[in-house]
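First to last, the sequence lines map onto chains X, F, A, P and Y. Reminder that position 159 of the first sequence reads as 159 in our numbering, one-by-one numbering, no gaps. Reminder that position 44 of the second sequence reads as 44 in our numbering, one-by-one numbering, no gaps. Reminder that position 177 of the third sequence reads as 177 in our numbering, one-by-one numbering, no gaps. Reminder that position 47 of the fourth sequence reads as 47 in our numbering, one-by-one numbering, no gaps. Reminder that position 300 of the fifth sequence reads as 300 in our numbering, one-by-one numbering, no gaps.
Be a bit skeptical, because a hint or two may be false.
Since the list can't tell identical chains apart, any single copy or any two copies may satisfy a pair.
[Claimed, not checked] Under the rule of at most 25 angstroms between Cα atoms (straight-line distance), these lysine-lysine pairs were calculated in the DSS-like manner: (1) K192 x K70; (2) K204 x K70; (3) K10 x K204; (4) K294 x K204; (5) K317 x K192; (6) K21 x K38; (7) K21 x K317; (8) K38 x K70.
Derived from the structure by calculation, the hints contain no laboratory data. Nothing here was measured: the structure is a model prediction, and the numbers come from that model.
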Amino acid sequence: MLINCAAYQKGRKIADIPVDKISSYIARGDCFVWVALKDAEPAELDVMRQEFGLHELAVEDAHHGHQSPKVEEYGSSMFIVVKTVELVEGALQVGELDIFIGENYVLSVRSHSHQDFLGVRARAEREPHLLSHGPAFVVYALMDAVVDRYFPVIEALEAELEEIEDRMFEQASERSNIERLYQLKRKVTVLKHVVSPLMESAGKLFGGRVPPLFEHSQNYFRDVYDHLYRINNSIEAIRDTVNTAIQVNLSMVAIDESVVNKRLAAWAAIFAVATAFAGIWGMNFKAMPELDWKYGYPTALVLMTTVCGYLYIRFRKARWL
Amino acid sequence: MLINCAAYQKGRKIADIPVDKISSYIARGDCFVWVALKDAEPAELDVMRQEFGLHELAVEDAHHGHQSPKVEEYGSSMFIVVKTVELVEGALQVGELDIFIGENYVLSVRSHSHQDFLGVRARAEREPHLLSHGPAFVVYALMDAVVDRYFPVIEALEAELEEIEDRMFEQASERSNIERLYQLKRKVTVLKHVVSPLMESAGKLFGGRVPPLFEHSQNYFRDVYDHLYRINNSIEAIRDTVNTAIQVNLSMVAIDESVVNKRLAAWAAIFAVATAFAGIWGMNFKAMPELDWKYGYPTALVLMTTVCGYLYIRFRKARWL
Amino acid sequence: MLINCAAYQKGRKIADIPVDKISSYIARGDCFVWVALKDAEPAELDVMRQEFGLHELAVEDAHHGHQSPKVEEYGSSMFIVVKTVELVEGALQVGELDIFIGENYVLSVRSHSHQDFLGVRARAEREPHLLSHGPAFVVYALMDAVVDRYFPVIEALEAELEEIEDRMFEQASERSNIERLYQLKRKVTVLKHVVSPLMESAGKLFGGRVPPLFEHSQNYFRDVYDHLYRINNSIEAIRDTVNTAIQVNLSMVAIDESVVNKRLAAWAAIFAVATAFAGIWGMNFKAMPELDWKYGYPTALVLMTTVCGYLYIRFRKARWL
Amino acid sequence: MLINCAAYQKGRKIADIPVDKISSYIARGDCFVWVALKDAEPAELDVMRQEFGLHELAVEDAHHGHQSPKVEEYGSSMFIVVKTVELVEGALQVGELDIFIGENYVLSVRSHSHQDFLGVRARAEREPHLLSHGPAFVVYALMDAVVDRYFPVIEALEAELEEIEDRMFEQASERSNIERLYQLKRKVTVLKHVVSPLMESAGKLFGGRVPPLFEHSQNYFRDVYDHLYRINNSIEAIRDTVNTAIQVNLSMVAIDESVVNKRLAAWAAIFAVATAFAGIWGMNFKAMPELDWKYGYPTALVLMTTVCGYLYIRFRKARWL
Amino acid sequence: MLINCAAYQKGRKIADIPVDKISSYIARGDCFVWVALKDAEPAELDVMRQEFGLHELAVEDAHHGHQSPKVEEYGSSMFIVVKTVELVEGALQVGELDIFIGENYVLSVRSHSHQDFLGVRARAEREPHLLSHGPAFVVYALMDAVVDRYFPVIEALEAELEEIEDRMFEQASERSNIERLYQLKRKVTVLKHVVSPLMESAGKLFGGRVPPLFEHSQNYFRDVYDHLYRINNSIEAIRDTVNTAIQVNLSMVAIDESVVNKRLAAWAAIFAVATAFAGIWGMNFKAMPELDWKYGYPTALVLMTTVCGYLYIRFRKARWL
């Protein structure tokens with residue numbers, strides 16, 4: 001679906017243009033065209049391919065989707081894939097933003113994502129001195145918008161981790177802790193595969209040999225890279241912590257178990273003693289003088305209570321009870 | 001076994017040719033020869049070695065099979081090994097496709113694989129403008145076909161992982177979960193050794209210093225590389241998740257165990273109390289006044305029931321029962 | 001908040017200057033300006049941006065804070081971020097020091113940190129021969145001060161690790177051990193993300209291609225790098241040891257558990273034997289001759305004691321008791 | 001001990017020569033000398049050092065043995081260390097083959113190894129067209145022979161792993177499984193330190209900057225490298241799998257344990273119920289009407305059996321029994 | 001404390017010289033000065049700094065100690081830090097050897113180490129042809145001496161590991177095994193941080209771009225590097241094995257536990273059966289015909305023994321007992 005199709009000159013929009021005029025505007029050379037599609041149909045992509053003169057392989061990638069984040073040069077034009085990430089009811093939803101860039105055009109194709117980039121265009125149009133840098137700035141603005149939305153996702157995952165941690169040290173044997181840790185790990189793994197190749201790719205857009213289109217906007221892409229670097233560090237930290245937490249949870253379960261076992265052992269011992277005594281005086285020997293004593297029974301009860309009480313105190317001290 | 005042997009000019013097949021004409025067609029210089037063998041006998045390979053002038057070491061590799069995926073230059077010709085992968089009744093079956101490439105020939109030798117590449121040839125012959133790129137395009141088409149068939153394998157493994165996950169959180173102590181995780185890990189390890197060296201090798205076919213034969217098809221091989229990169233990422237994700245799942249399963253077993261232990265402890269305690277009471281009133285002391293009471297027995301039963309009931313409720317609250 | 005704003009010439013302070021004179025002093029070219037801010041307001045940063053002619057993106061970073069440590073070049077000027085670390089009541093508190101450097105100025109902005117750097121300025125002013133090296137030396141002095149304060153933090157963490165270790169081998173099942181190990185791991189992870197990117201960045205300030213501003217102070221930055229390298233090694237060692245300790249703790253819990261289980265098993269066996277004997281002689285068969293023996297009862301007691309004593313000794317030998 | 005000492009010209013042996021003629025044959029320049037020693041004495045090595053003009057440090061290495069595999073250049077001559085590996089009664093036996101190479105000589109010194117290399121010499125002498133390549137080909141033939149013998153070792157380890165796997169899922173608690181896994185891991189670690197540095201070194205003998213002696217035999221050393229690469233991959237796979245197997249075995253033990261525990265719990269519960277009932281009717285209260293019933297006893301037995309039977313069925317259903 | 005201070009010419013000592021003559025001997029240019037200090041006081045270091053013209057930062061490092069191993073260039077002079085390692089009563093004691101090297105001097109400062117290097121000097125003086133290489137050879141001799149003393153430490157750690165292994169498979173639950181493994185891991189971690197940075201640094205003293213002082217002694221430093229490489233491999237192998245051993249030990253504890261649990265379960269079952277029978281015949285029902293049988297009691301005993309014996313045999317077969 002076509003979202004937007006406009007031509008810009010010196011940082012200002014000169015016109016919303018129809019799709020079939022794109023190639024002529026591109027040919028003018030004194031302006032650039034910025035087109036935004038959403039969940040594009042093959043037919044739409046084909047029109048774009050012809051108007052912009054895009055490379056077949058790049059268009060095919062955009063068509064199939066499910067690409068890894070990447071930055072590819074096709075001669076003097078480029079093809080960039082970034083992934084959008086949203087948390088929808090606790091689940092991670094991954095979309096895709098494919099960007100085709102040439103000397104005087106930018107074409108963005110968004111798929112499987114609720115996020116829109118109208119705000120990016122609006123902000124860009126309010127700052128003509130920046131937009132006048134041309135397509136490279138548009139790409140920066142789009143990537144920056146995508147990457148900025150990673151931060152709340154990371155924060156949500158960190159918050160979840162902290163919540164699990166708090167419960168872990170209170171209720172280690174709670175089945176849900178471990179299941180949530182596992183789910184968290186899976187989310188972080190997904191996120192890692194979204195962020196890490198993008199960071200790697202972004203690292204090629206500044207310093208060293210840079211594609212000519214981005215030569216004058218290196219500081220901006222270094223900024224994007226910095227954000228990705230921080231996000232990547234956070235991801236690594238969460239991953240590492242989750243791994244540790246899983247191990248620690250196992251230890252906590254073992255300790256819980258051990259506490260229960262000790263308590264069981266202690267009470268079992270106390271009652272076994274009582275039962276053994278009762279068993280002995282329950283024997284049917286004829287000659288058991290104490291059975292005939294007047295205070296035999298209370299004495300026996302006192303004796304049993306004393307022994308059991310003594311054990312109880314000892315177990316208490318040993319912290320088994 | 002010879003599958004196919006044909007000469008192509010400007011992207012079109014000019015003739016199916018007999019094996020002993022190969023060298024003369026190659027010598028013409030205005031066409032290229034594309035030969036496909038399957039489970040080749042040493043004698044067949046020897047004929048090919050002479051007709052194409054292949055390097056002894058490469059032929060030996062093709063003869064022995066069980067090579068790692070690789071891309072090797074022998075002077076101006078090249079030798080490429082890729083592995084085919086199929087899931088046959090849940091088991092991973094690994095075959096091999098050895099490709100010899102020269103300026104005007106391609107020889108592919110397939111072993112231990114049910115997959116055929118007739119479709120690749122048919123498609124290539126339908127697109128003369130692509131096939132006219134010569135051997136490099138044929139190699140791309142073959143590699144692309146092999147790599148495309150990795151995706152369903154990956155998806156099958158991911159599906160299996162998800163199935164195990166679902167059961168893991170329900171029936172942690174199921175012996176089969178852990179065995180299936182282990183088998184999954186082994187399959188992924190096999191797959192990794194199929195994909196990862198190929199990715200590394202494919203990375204040398206575009207960007208930087210590229211073998212002359214592939215100089216004009218770099219975009220295509222970058223496409224193959226991208227696919228391998230994604231597959232490799234998926235493999236890494238599965239590996240990592242399986243490792244975590246094995247640990248998590250252990251935790252779940254420990255939690256299950258702990259639940260059973262608590263329940264055992266609770267019931268043992270309840271019955272130990274009842275038995276201890278019964279034991280006491282089963283003693284044979286002469287002077288045990290309560291034994292002579294009219295309602296001694298029901299009182300005792302009520303008392304025992306009350307104490308046991310109290311314990312039951314307490315254990316319930318503590319969630320041991 | 002402005003802490004300090006002074007101009008230096010040949011290593012000596014020539015004047016405390018008002019903020020609005022900064023640009024004119026910078027323009028003189030024969031002196032340099034050293035300004036220190038603390039928890040700067042956006043307005044203050046904006047003034048600085050204008051006076052020093054700072055790059056927008058760097059100022060934005062300083063404004064937002066929460067950057068990763070880094071060293072960035074903006075044309076001939078530079079932007080450096082280092083993190084300060086303090087242990088406040090056992091918790092790790094991370095602050096930030098942003099440094100803007102130009103040919104004849106240094107601007108430092110400190111946030112979220114109780115540490116001040118007045119000592120750095122005082123020491124620098126006492127050593128004009130060093131301060132005469134200009135901004136690069138100031139940056140070195142600041143970084144050195146920050147990094148020096150990492151050492152006591154590392155030592156505190158190492159001390160805590162040793163304390164946990166001592167308790168771990170005595171009281172493995174202590175819940176607090178594992179919780180403390182976990183917290184220690186988290187602190188070390190935080191510290192790692194403070195130190196490791198800084199080390200990486202510092203590594204670019206000496207040897208190989210060095211930013212022109214730092215060309216003559218490479219030995220100093222290598223010294224900072226060395227310190228960071230040692231700290232990083234210590235962090236790695238702690239991380240590794242904590243991981244091992246968590247596993248070892250689990251083993252110790254399992255061993256403790258096993259000791260308790262053996263003891264439980266042993267006592268249970270002993271009392272079960274006694275109870276079984278008592279049960280047998282408690283049966284109501286008419287014809288049980290031993291019940292009528294004169295010394296039946298003491299004989300029975302002796303027999304039971306003997307068997308139980310024998311078991312006790314055997315378990316002792318097997319080290320179950 | 002001297003094994004062989006011969007001079008070769010144009011790929012053919014021209015003479016077995018005495019040790020003291022070596023230097024004069026080397027000086028001729030139109031032939032090369034190939035000497036093989038076994039478990040060389042210091043005195044023998046010293047003679048060789050003088051005849052061949054070897055570097056002191058290389059000779060010292062050969063004398064001490066226990067080197068890591070390596071490829072070292074000493075001016076125009078080279079020193080190569082490879083390790084031989086044999087499985088002797090299940091144990092890994094590591095020997096060493098030190099090779100000194102010059103423009104027209106090869107000296108190999110074998111230690112602690114039952115493998116001999118007479119076959120290599122015989123085969124080389126049968127193929128004069130290859131042997132005429134000179135020392136580089138001899139080195140290739142020796143290395144190839146050593147590396148070829150790694151394959152059966154790897155296969156033996158893989159077979160052992162599979163055997164352990166089979167037993168692991170049947171008899172997890174078998175002490176020997178875990179011990180064998182541990183021993184397997186150790187063997188693999190030894191093998192890794194044999195193969196991995198050699199692979200690294202072999203990687204320097206082709207492609208990029210190659211020692212002049214090997215310039216014309218790069219394809220051969222790439223072949224050796226390929227073999228080592230595959231072996232290394234197999235080693236990594238075994239290592240990884242053993243690690244997983246150790247964890248999986250622990251899980252299997254825990255599951256076994258849990259099965260036993262459940263069964264124990266179930267039977268304990270059933271007997272505790274029976275005992276409690278018996279205890280109650282064993283009490284000595286005067287007024288226990290059911291004791292006087294004619295069918296009291298059989299009723300009691302039926303009741304006890306019914307309750308126990310009910311429990312048995314329930315536990316069966318819950319799969320505790 | 002000054003240990004030695006001498007001047008050498010053409011590999012021979014020409015004089016023991018007083019400290020205040022050092023600078024004049026250095027200035028001569030035809031000889032070199034070799035000074036050795038031990039646990040140097042700040043004042044001594046200051047004298048050396050002036051006599052040799054050392055760089056302030058290097059002297060400060062030597063003064064503070066606790067450096068990581070490193071090789072640093074200060075203009076044409078160099079500063080090298082290596083760590084000495086001794087096993088004193090099973091504990092690892094780490095000392096430091098700081099070496100300052102110039103074109104015609106070597107100054108070594110040893111701290112916290114019982115090892116002396118008089119042997120190095122004596123050996124060097126006995127081999128004038130080597131010593132005539134000048135300071136670089138002295139540095140090699142010192143480093144070689146330090147590194148040679150790592151080997152016995154490694155061997156001691158390997159021996160300890162083997163001892164623990166032997167006990168581990170016999171007495172898994174021995175608390176000391178796991179504690180010793182942990183201590184071993186810590187020692188190896190310390191050793192790693194001693195060896196690994198030194199190896200890295202030594203790697204810069206041969207091949208590629210080498211500091212001019214060492215240009216003619218590259219083969220020697222490659223030899224040191226080789227030793228460090230082997231030691232490093234051994235360290236990695238021990239680390240890896242200790243990690244595995246910790247896991248294996250946990251498995252062994254779990255298996256031991258499981259053996260004990262099975263035995264407990266078996267005996268508990270046997271006695272529970274006996275007790276249940278006894279309980280039944282201990283009930284006070286009037287009408288229990290078997291109680292009045294003449295051989296009721298022995299029959300009962302036989303029955304109980306038979307059932308228990310049957311269980312015993314079954315458990316034996318199932319290998320629970």
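Status of each hint after checking the structure:
Both within a single protomer and between protomers do K192 and K70 lie at most 25 angstroms apart by alpha-carbon distance, with minima of 14 angstroms and 22 angstroms respectively. For a Cα distance limit of 25 angstroms, the shortest separation of K204 from K70 qualifies both inside one copy, at 10 angstroms, and across copies, at 17 angstroms. For the identical chains of this complex, K10 and K204 are neighbours neither inside a copy (27 angstroms) nor across copies (38 angstroms), given an alpha-carbon limit of 25 angstroms. Taking CA atoms no more than 25 angstroms apart as the test, K294 paired with K204 passes in neither setting, with 99 angstroms inside one copy and 96 angstroms between copies.
Taking identical chains as interchangeable, the C-alpha atoms of K317 and K192 are never at most 25 angstroms apart, the minima being 50 angstroms within one chain and 42 angstroms between chains. In this assembly of identical chains, K21 and K38 lie within 25 angstroms of each other by CA distance solely inside one copy; the values are 20 angstroms within and 53 angstroms between copies. When the C-alpha separation of K21 and K317 is checked against a cutoff of 25 angstroms, the pair qualifies neither within a copy, at 88 angstroms, nor between copies, at 74 angstroms. In this assembly of identical chains, K38 and K70 lie within 25 angstroms of each other by CA distance solely inside one copy; the values are 19 angstroms within and 37 angstroms between copies.
Violated hints, listed in ascending order, are 3, 4, 5 and 7; each of the other numbered hints is respected by the structure.
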